[in-house]
Amino acid sequence: ALFVLPYSFGRHLEKRGAALTLQLLALAERCVCVSACVWRVEKTKIVEPLDYENVITQRKTQIYSDPLRDLLMFPMEDISVSSQRRTVQSTVPEDAEKRAQSLFVKECIKTYSTDWHVVNYKYEDFSGDFRMLPW
Numbered sequence: 001a002l003f004v005l006p007y008s009f010g011r012h013l014e015k016r017g018a019a020l021t022l023q024l025l026a027l028a029e030r031c032v033c034v035s036a037c038v039w040r041v042e043k044t045k046i047v048e049p050l051d052y053e054n055v056i057t058q059r060k061t062q063i064y065s066d067p068l069r070d071l072l073m074f075p076m077e078d079i080s081v082s083s084q085r086r087t088v089q090s091t092v093p094e095d096a097e098k099r100a101q102s103l104f105v106k107e108c109i110k111t112y113s114t115d116w117h118v119v120n121y122k123y124e125d126f127s128g129d130f131r132m133l134p135w
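Going left to right, the sequence shown walks through residues 1 to 135 as full-length UniProt numbering numbers them.
Bear in mind the hints are in silico, worked out from the structure with no lab data behind them. Glycine included, C-beta positions come from ideal geometry on N, C-alpha and C. Among these hints, one or two may not hold up.
Claimed, not checked - Here are the in silico distance ranges between beta carbons for each label pair:
| hint | residue 1 | residue 2 | range |
| --- | --- | --- | --- |
| 1 | Q58 | D95 | 24 to 34 angstroms |
| 2 | V92 | K43 | 18 to 28 angstroms |
| 3 | E107 | T61 | 24 to 34 angstroms |
| 4 | M73 | R99 | 47 to 57 angstroms |
| 5 | L133 | K98 | 48 to 58 angstroms |
| 6 | K60 | K106 | 32 to 42 angstroms |
| 7 | Y121 | R59 | 18 to 28 angstroms |
| 8 | Q101 | Y64 | 51 to 61 angstroms |
| 9 | S102 | S127 | 14 to 24 angstroms |
| 10 | V81 | V41 | 45 to 55 angstroms |
| 11 | Q84 | V105 | 22 to 32 angstroms |
| 12 | L25 | L71 | 58 to 68 angstroms |
Can you make the complete structure from the sequences, with help from the hints?
Take a look at the structure:
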């Protein structure tokens with residue numbers, strides 16, 4: 001415990017003897033030194049976050065028998081994936097991918113000419129901060 005001098009200590013210095021004042025100050029310095037030496041701050045350990053999907057897979061049978069499994073599992077009907085065309089008419093020639101020499105160019109053509117896959121989340125409004133829930 002840290003030694004704390006009384007609030008009225010400074011007001012009554014003249015009433016106390018000089019020796020007592022020096023003793024109290026020396027005691028306070030020793031207590032501060034001891035408390036500073038004893039209290040060491042340890043470095044916090046780095047904690048890796050859980051791989052949620054891995055935990056769900058490992059404890060599948062335990063979770064399925066749990067009455068509150070709906071709180072742990074992702075809703076099955078949450079995700080819908082749809083395809084969306086990037087352009088109405090492609091500006092890339094049809095044989096461009098075959099004629100390309102570089103792998104980089106081939107991948108660019110493939111990326112540009114394929115349709116987009118759009119992922120829609122049905123319960124997206126319920127994710128994130130609990131204070132922003134749509135109630």
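Checked hints:
At roughly 49 angstroms, the beta carbons of Q58 and D95 sit outside the given window of 24 to 34 angstroms. Between V92 and K43 the beta carbons are some 55 angstroms apart, a value that contradicts the proposed interval 18 to 28 angstroms. The supplied range of 24 to 34 angstroms is broken by E107 and T61, whose beta-carbon atoms lie about 42 angstroms from each other. Distance hint check for M73 and R99: the Cβ-Cβ separation is about 49 angstroms, which falls inside the suggested range of 47 to 57 angstroms.
For L133 paired with K98, a C-beta distance near 52 angstroms keeps the hint of 48 to 58 angstroms intact. Taken as a hint, the range 32 to 42 angstroms holds for the pair K60 and K106, whose Cβ atoms sit roughly 41 angstroms apart. For the hinted restraint 18 to 28 angstroms between Y121 and R59, the CB-CB distance of approximately 24 angstroms keeps it satisfied. Between Q101 and Y64 the C-beta distance comes to about 53 angstroms, which sits within the given range of 51 to 61 angstroms.
Range check, S102 to S127: about 41 angstroms between beta-carbon atoms, so the 14 to 24 angstroms window is missed. At roughly 50 angstroms, the beta carbons of V81 and V41 sit within the given window of 45 to 55 angstroms. A hinted range of 22 to 32 angstroms for the beta carbons of Q84 and V105 is consistent with their spacing of about 24 angstroms. A beta carbon spacing of about 60 angstroms between L25 and L71 agrees with the range 58 to 68 angstroms that was offered as a hint.
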